[in-house]
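From first to last, the protein sequence lines are chains A and B.
Residues in the first sequence are numbered consecutively from 1, following this note's numbering.
Residues in the second sequence are numbered consecutively from 1, following this note's numbering.
Worth flagging that the hints you see were computed from the coordinates, not collected in a lab.
Each residue gets a CB set at the ideal place from its N, CA and C atoms; glycine is no exception.
Do not take every clue at face value.
Claimed, not checked - The calculated DSSO-like cross-link candidates involving lysine-lysine, where the alpha carbons are at most 30 Å apart (straight line), are:
| # | chain 1 | residue 1 | chain 2 | residue 2 |
| --- | --- | --- | --- | --- |
| 1 | B | Lys-99 | A | Lys-150 |
| 2 | B | Lys-99 | A | Lys-153 |
| 3 | A | Lys-446 | B | Lys-99 |
Unchecked claim - What follows is a list of derived Cβ distance ranges for each label pair:
| # | chain 1 | residue 1 | chain 2 | residue 2 | range |
| --- | --- | --- | --- | --- | --- |
| 4 | A | Trp-482 | B | Leu-66 | 29 to 39 Å |
| 5 | A | Leu-10 | B | Arg-87 | 45 to 55 Å |
| 6 | B | Met-33 | A | Arg-35 | 34 to 44 Å |
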Amino acid sequence: MDFQLPPYDLKMMLPEIFLFLWALVVFTFDLLTNRKKETAIGYLTLVGILITGVLLAFTGYGRGFGNMFFNDPMARFFKIIFLGAAFMAVGSSFGILKQRIRNHRGEYFGLILLSTVGMMFLASSQELLSLYIGLELTTIPLFVLAAFYKDDKLSVEAGIKYFIVGAFSSALLLYGISFLYGMSGTTDIVQMKINLAITHLTFTNIGMTLVIAVVTMLAGIGYKLGLPPFHQWVPDVYEGSPTPVAAFLSIGSKAAGLVAFAKIFVNGLSAFHGPEMLPNDWGQLVALMAILAMVLGNTVAIWQTNIKRMLGYSSIAQAGYIMIGMVTMNVYGLSSVAFYMFAYMFANMGAFAIVTVFEDKTGSTQIASYRGLSKSAPGLSLTLAIFLLSLAGIPPLAGFLAKYYVFAAAVEKANSADSASWLYWLVGVGLITTVFSLYYYANIIKQMYFSREDSPYKIPVSAPAMMVIAICLIGVILFGVWPEPILQFAGDIPASFGFIAR
Amino acid sequence: MVPISAYLIVGVALFAIGTVGVLISRNLIVLLMSVELMLNSANLCLIAFSRSQNIMDGHAFVFLVLTIAAAEAAVGLAMVITLYRNRETINIDRFNLLKW
Numbered sequence: 001m002d003f004q005l006p007p008y009d010l011k012m013m014l015p016e017i018f019l020f021l022w023a024l025v026v027f028t029f030d031l032l033t034n035r036k037k038e039t040a041i042g043y044l045t046l047v048g049i050l051i052t053g054v055l056l057a058f059t060g061y062g063r064g065f066g067n068m069f070f071n072d073p074m075a076r077f078f079k080i081i082f083l084g085a086a087f088m089a090v091g092s093s094f095g096i097l098k099q100r101i102r103n104h105r106g107e108y109f110g111l112i113l114l115s116t117v118g119m120m121f122l123a124s125s126q127e128l129l130s131l132y133i134g135l136e137l138t139t140i141p142l143f144v145l146a147a148f149y150k151d152d153k154l155s156v157e158a159g160i161k162y163f164i165v166g167a168f169s170s171a172l173l174l175y176g177i178s179f180l181y182g183m184s185g186t187t188d189i190v191q192m193k194i195n196l197a198i199t200h201l202t203f204t205n206i207g208m209t210l211v212i213a214v215v216t217m218l219a220g221i222g223y224k225l226g227l228p229p230f231h232q233w234v235p236d237v238y239e240g241s242p243t244p245v246a247a248f249l250s251i252g253s254k255a256a257g258l259v260a261f262a263k264i265f266v267n268g269l270s271a272f273h274g275p276e277m278l279p280n281d282w283g284q285l286v287a288l289m290a291i292l293a294m295v296l297g298n299t300v301a302i303w304q305t306n307i308k309r310m311l312g313y314s315s316i317a318q319a320g321y322i323m324i325g326m327v328t329m330n331v332y333g334l335s336s337v338a339f340y341m342f343a344y345m346f347a348n349m350g351a352f353a354i355v356t357v358f359e360d361k362t363g364s365t366q367i368a369s370y371r372g373l374s375k376s377a378p379g380l381s382l383t384l385a386i387f388l389l390s391l392a393g394i395p396p397l398a399g400f401l402a403k404y405y406v407f408a409a410a411v412e413k414a415n416s417a418d419s420a421s422w423l424y425w426l427v428g429v430g431l432i433t434t435v436f437s438l439y440y441y442a443n444i445i446k447q448m449y450f451s452r453e454d455s456p457y458k459i460p461v462s463a464p465a466m467m468v469i470a471i472c473l474i475g476v477i478l479f480g481v482w483p484e485p486i487l488q489f490a491g492d493i494p495a496s497f498g499f500i501a502r
Numbered sequence: 001m002v003p004i005s006a007y008l009i010v011g012v013a014l015f016a017i018g019t020v021g022v023l024i025s026r027n028l029i030v031l032l033m034s035v036e037l038m039l040n041s042a043n044l045c046l047i048a049f050s051r052s053q054n055i056m057d058g059h060a061f062v063f064l065v066l067t068i069a070a071a072e073a074a075v076g077l078a079m080v081i082t083l084y085r086n087r088e089t090i091n092i093d094r095f096n097l098l099k100w
């Protein structure tokens, strides 16, 4: 029999392969040096991520392995976000190297790298099978990382909670994928889009099966993104897990969920969106989840006394804002989502880096212990204030532009068609809840600056942590006043999803 | 030949049992087993669809899902052991240190 392998192109996969091998190098380096080298292994990991970034820059657009591996603008943009998140998470975990993860440094950094590899594969997949495997390769190392302080009751509890939710949600997602596969007869997302549209036009009775698929997949991805009503794990896991891991979760895992959502729903099920598709419509379901996320995340965060928990609720709210961009099915929607994620990465990683540094010194994550910090650590307080203001969306910081573009995309869509006028409601809720969010972000600033007590803490900042904070600070300010290069890059994304500017 | 709907009904039943098991069981090991049941119901659906339409993608999918389920179970069981060392129980009602 004449059998031919489909054309493959290993060159496309070079950054992923390199990063995977580097994770193995990190594992073995730790063992060969008898777990003695404390900071060397951290720097080794940072160098690996940097080299991967350089390789990514030299890997052009294209496809390999049949249609299974795509390097489109979306994949490259999100790979930069994943690598950035991993870099900053590794950079801010130098403080816990010495005491808390003394015997497992190699595993810690190796698992972060492996999870990043999973995210990168996920971003490049154009096909349900590799998408599912990428998602699992992302989350399984994260289960272990969340429970990494083996002797800490909180960390282990956070780990098991994340594990249960993660395993349950991936089973839900898989069930939905199996129905999608059954209806379309293919796992390729673009082919699936065509087949589903044809099936829908020929037989009008695929409704119920599609509803099952859409609901289970929404639940599965909603769990990963932390969208209400599937959000209960987020604050628990953020509070219990090691702080750099919580930071990595909040950016990496969320961006991975967003990519999966964009590929399955915005691309694959794009025909089933909008009020005219009512029984099969996923757009309004997602809009409802986004409204719940914004309201619930922003209000419950006000009563939090633990800063990691507060950032957890804030990340639920941010997921709600991002989903506004997702349900806006036009040219601006996806690029505004990508820009939002990019700006959010700097602000959130920076805030978490400072929380990590503070926790390394004082062992406390309570908001009350930040009282009077501006007197003993003025620089650190100022940067934390800037990150929090960017998260709240105050101009001229990057967070403001991010929110602006998401809302602008929704308003543009709502103006263009009568049937899309429900998007005005989304924008309205978004604007009102942004005002709420200012309260709890400003509360920390108030504790730091306007408290009569003096803080007893002098906070030493190690060189890598300083570098991470500096990068985040530059990013938050620079892309707030000069977003054009990123916007241009993000503007290429919708074209690969079939959205073309009029 | 058995019609595809028969397989799907078994799949839905397995999925429902798994979901209910995850939601109501108080024992972590039972919970892990319920998740496996859910994955297997998805596997059954994949195989049934794949066989009925004569495309082999579903078969490949199932093998990879089995691998992933094994990895997940390994991590899960390791985590259960760690948890038992710390708390001396695997009843999930007792894991309430983190709330609100």
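Quick rundown of the hints versus the structure:
For the given pair, Lys-99 of chain B sits about 20 Å from Lys-150 of chain A by alpha-carbon distance, which is consistent with the 30 Å threshold. Under the criterion of a C-alpha separation no larger than 30 Å, the hint pairing Lys-99 of chain B with Lys-153 of chain A is consistent with the structure, at around 14 Å. For the proposed pair Lys-446 of chain A and Lys-99 of chain B, the alpha carbon gap of about 26 Å is at most 30 Å, so the pair holds. Evaluation of the 29 to 39 Å hint for Trp-482 of chain A and Leu-66 of chain B yields a failure: the beta carbon distance comes to about 50 Å.
A beta carbon spacing of about 47 Å between Leu-10 of chain A and Arg-87 of chain B agrees with the range 45 to 55 Å that was offered as a hint. The hint said 34 to 44 Å for the Cβ distance between Met-33 of chain B and Arg-35 of chain A, and at roughly 36 Å that hint holds.
Of the numbered hints given earlier, the model fails hint 4 alone.
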